[in-house]
Every structure is written in structure tokens, then in C-alpha cells.
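**Student:** Sequence:
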Amino acid sequence: MSKLTRREFMAIGSLTAGFAIAVQPISAKTVTTDPRGLTFGEVKISTSKGLIPAFRAMPNAGKNFPVILVIQEIFGVHAYIQDVCMRLAKLGYLAIAPEMFYRQGDVSQLTDITEIRKVVSKVPDAQVMSDLDATVAWAAKFSKGNIDKLGITGFCWGGRITWLYAAHNPKVKAGVAWYGRLVGESTPLTPKHPVDIASSLRVPVLGLYGGKDTGIPLDTVEQMRDRLKGCSQNSEIIVYPEAPHAFHADYRPSYRQADAEDAWQKMQDWFKKNGV
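The numbering of the sequence shown is UniProt numbering, which starts it at 1 and goes up by one.
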């Protein structure tokens, strides 16, 4: 067995145990899932560039669990994203949230949103796609995952990645993108955005968006809807008229409980409908 590099060693036990510092104070409405009946915690994923940490949750009993990739916001794999994995595990899934920014920096320890965005801006889409491929392979080999029933869901930054990974990996059965950015400038690190891949998308994706989201204008949502009309599958976008950005983030003031619970149920229905 080869020796771990110091960077790889530090990947073990490196996920934050609580919430990202930048989003303090935490809302009293935060959801905490009962861990009984679950196996959960940090694992390490072997990728083409070394080890990265991830949070994994699944039922204690059983095997061949359908797999859902959970993609983080810009704040990293902190307590909220970890609890989303726990909620999915309660539904019978193997849910895994790999730390997508690990090589670029630990955003959970930053207090300034501007500094967080600097880290996130350095993350190449190609790296993310490769790391997610490695996570899928890990799920099948080491964690009783059935990757013939593979889904993906992501929030904010992870919503955009959900659209892109559904286009990247045709083995994905379904995706659910929560208020992910749809348009943007083409750069060497982010060459394409969801509107660019929409017409060729072969995986059904459900988009969940807020009508009061100041960061994702409704005209871009309509642009995405128009592009999806050329697809060979049935993707769908739902807009909650009064919801702001991050309306599912129960630890933040943006949380809208009724819309969040309705959208969560629609996500479950979408996965079941499409074989996840």
C-alpha cells in the first residue's frame, strides 16, 4: 500500500462538524434529523488527484441502496448539507456529499463571503465532474450502493452542477436542481452553463426556483425552459412565486418552510418516478 501524502492525510477528518462560519447566526428553524437507524459520517474518496473527504449517510440495514449525490452550496459540506444526506438516508438512499472545493480551500472556516467566492471561483467544472465520477465508483465498491439507480441533487452552486453532471453522466436516472444558476460567461474553468447543455440533455432534471430570487432572474429561468423544449426527455422547472434564493436552507433567514416542504416532496416524487 502506498503512503498517504500529507494533503491526503489531512483529508481524513477534515469536514466541519457544524455550520459554516460565514452564515452565523444560525436560524432557530434548523432541521436536525434523528440519526437512529442510520450509518453516517465522513469517508474519503479516491480520485485521480488524490483523496477528498465526503459525508456519507445510509440505512443501517440492507444493501443495494439507490445512490444520490448531494452537491453543496458555496459554504461547503457543513451541517446543513450533512443533514440533507441524513434525510435522504431516512428515505432508504445512500446519500453522499463530496467536498468539491477541497483542493482550493476550506470555505467553512472563512467569515467573509467575498473570500469564499474567491475560493469557489478557482474550482474547474472538469475537476468537479471527475470527482463526482469517482464518488459514484466509490459508492458502488465500498458502500453497498446500486449505481443503476443513481440520482443527483444540489443547492445553489450545487444546483448548477446538478444540471451539468446530468449532462455529463448519462447513467444518472434523474436530477433535482435547487435554485442553481442557469446562465453565465464561458471561461476556461466554467466553459458551459445549464442553458448551453439544455437542448442536448438526456437525463430528466427537476429545477426548483424562487420567484423572488434576486440572483437568478426569472427571464433566465424562462430561457432555460425554452431550451429544454428541444430535449428528448421530460425535464421540468417549478417556480415558487414568493420564495427567495435558498428557500430550502433551514439554517438561514431565507428559509420558507411551506415551499421547502412542498419542494422536498416533489423531489422525492421525481426520483421515484424516474427510477431512483
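Note that these hints are calculated values from the structure, not bench results.
There's no promise every hint is true.
[To be verified] Distance condition first, Cα-Cα at most 20 Å in a straight line; then the derived SDA-like pairs of lysine to any residue:
(1) LYS192 / ARG227
(2) LYS266 / GLY211
(3) LYS192 / SER130
(4) LYS122 / LYS229
(5) LYS266 / ASN234
(6) LYS141 / GLU42
(7) LYS29 / GLY18
(8) LYS192 / GLY211
(9) LYS229 / PRO204
(10) LYS141 / GLY50
(11) LYS141 / ALA258
(12) LYS272 / GLU236
(13) LYS63 / LYS144
(14) LYS44 / PHE142
(15) LYS141 / GLY211
(16) LYS90 / ASP262
(17) LYS273 / THR220
(18) LYS272 / ILE237
(19) LYS171 / ASN64
(20) LYS149 / ASN274
(21) LYS63 / LYS192
(22) LYS149 / GLY50
(23) LYS273 / LEU91
(24) LYS273 / ILE147
[Claimed, not checked] Pairwise CB distance ranges (calculated):
(25) GLY50 / GLU242: 39 to 47 Å
(26) PRO253 / ASP112: 34 to 42 Å
(27) GLN233 / LYS192: 17 to 25 Å
(28) ASP34 / LYS144: 34 to 42 Å
(29) LYS272 / ARG225: 21 to 29 Å
(30) LEU189 / ASP219: 24 to 32 Å
(31) GLY50 / LYS229: 39 to 47 Å
(32) VAL31 / GLU242: 19 to 27 Å
(33) VAL119 / LYS273: 31 to 39 Å
Owing to the predicted nature of the structure, the values given are computational and were not obtained by experimental measurement.
Just so it is clear, CB atoms sit at the ideal spot from N, CA and C, and this is done for glycine as well.
**Student:** Taking the hints in turn, state whether each one holds.
**Tutor:** Status of the hints after comparison with the structure:
1. The hinted pair formed by LYS192 and ARG227 meets the criterion: a straight-line CA distance of about 14 Å does not exceed 20 Å.
2. In summary, the hint linking LYS266 to GLY211 is supported, as the alpha carbons are separated by about 17 Å, within the 20 Å threshold.
3. Simply put, LYS192 and SER130 have alpha-carbon atoms about 16 Å apart, close enough for the 20 Å limit, and the pair holds.
4. Distance check on the hinted pair: LYS122 and LYS229 sit about 32 Å apart at the alpha-carbon level, beyond 20 Å; violated.
5. Between LYS266 and ASN234, the direct Cα distance comes to roughly 15 Å. Compliance with the 20 Å bound is thereby established for this hinted pair.
6. Restraint check for LYS141 and GLU42: the C-alpha separation of about 16 Å stays at or below 20 Å, so the hint holds.
7. Annotation: proposed proximity of LYS29 to GLY18 holds, straight-line Cα distance about 15 Å (limit 20 Å).
8. Restraint check for LYS192 and GLY211: not satisfied, since their Cα atoms lie roughly 24 Å apart, outside the 20 Å limit.
9. A threshold of 20 Å between alpha carbons decides the hint, and for LYS229 with PRO204 the separation of about 12 Å falls inside it, so the pair holds.
10. In summary, the hint linking LYS141 to GLY50 is supported, as the alpha carbons are separated by about 17 Å, within the 20 Å threshold.
11. For the suggested pair LYS141 and ALA258, the alpha carbons sit about 38 Å apart, so the restraint of at most 20 Å is broken.
12. Taking the CA atoms of LYS272 and GLU236, the gap is about 15 Å. The hint holds against a cut of 20 Å.
13. Distance hint between LYS63 and LYS144 is fulfilled; the C-alpha atoms sit about 5 Å from each other, no more than 20 Å.
14. For the suggested pair LYS44 and PHE142, the alpha carbons sit about 11 Å apart, so the restraint of at most 20 Å is met.
15. Simply put, LYS141 and GLY211 have alpha-carbon atoms about 41 Å apart, too far for the 20 Å limit, and the pair is violated.
16. Of the pairs offered as hints, the one joining LYS90 and ASP262 holds, with about 18 Å between alpha carbons and a cut-off of 20 Å not exceeded.
17. With a C-alpha separation of about 27 Å, the suggested pair LYS273 and THR220 falls outside the 20 Å cut-off, and the hint is violated.
18. The straight-line distance between the Cα atoms of LYS272 and ILE237 is roughly 17 Å, inside the 20 Å bound, and the hint therefore holds.
19. Annotation: proposed proximity of LYS171 to ASN64 holds, straight-line Cα distance about 16 Å (limit 20 Å).
20. A distance of roughly 9 Å separates the Cα atoms of LYS149 and ASN274; the hinted pair therefore holds under the 20 Å criterion.
21. Taking the CA atoms of LYS63 and LYS192, the gap is near 37 Å; set against the 20 Å cutoff, the hint is violated.
22. Restraint check for LYS149 and GLY50: the C-alpha separation of about 26 Å exceeds 20 Å, so the hint is violated.
23. Our distance criterion of 20 Å between C-alpha atoms is met by LYS273 and LEU91, whose separation comes to about 15 Å.
24. For the suggested pair LYS273 and ILE147, the alpha carbons sit about 17 Å apart, so the restraint of at most 20 Å is met.
25. At roughly 44 Å, the beta carbons of GLY50 and GLU242 sit within the given window of 39 to 47 Å.
26. A C-beta distance of roughly 19 Å is found between PRO253 and ASP112, which places it outside the suggested range of 34 to 42 Å.
27. Checked against the given bound of 17 to 25 Å, the beta carbons of GLN233 and LYS192, roughly 19 Å apart, stay inside it.
28. Under the hint 34 to 42 Å, the C-beta atoms of ASP34 and LYS144, about 21 Å apart, miss the expected range.
29. One distance hint, 21 to 29 Å for the beta-carbon pair LYS272 and ARG225, holds here, with the actual separation near 23 Å.
30. For LEU189 and ASP219, the hinted distance range of 24 to 32 Å is satisfied, since their beta carbons lie about 25 Å from each other.
31. A hinted range of 39 to 47 Å holds for the C-beta pair GLY50 and LYS229, which are about 42 Å apart.
32. Judged by the Cβ atoms, the range 19 to 27 Å given for VAL31 and GLU242 holds: they are separated by roughly 21 Å.
33. For the pair VAL119 and LYS273, the beta carbons lie near 36 Å from each other, so the given range of 31 to 39 Å is met.
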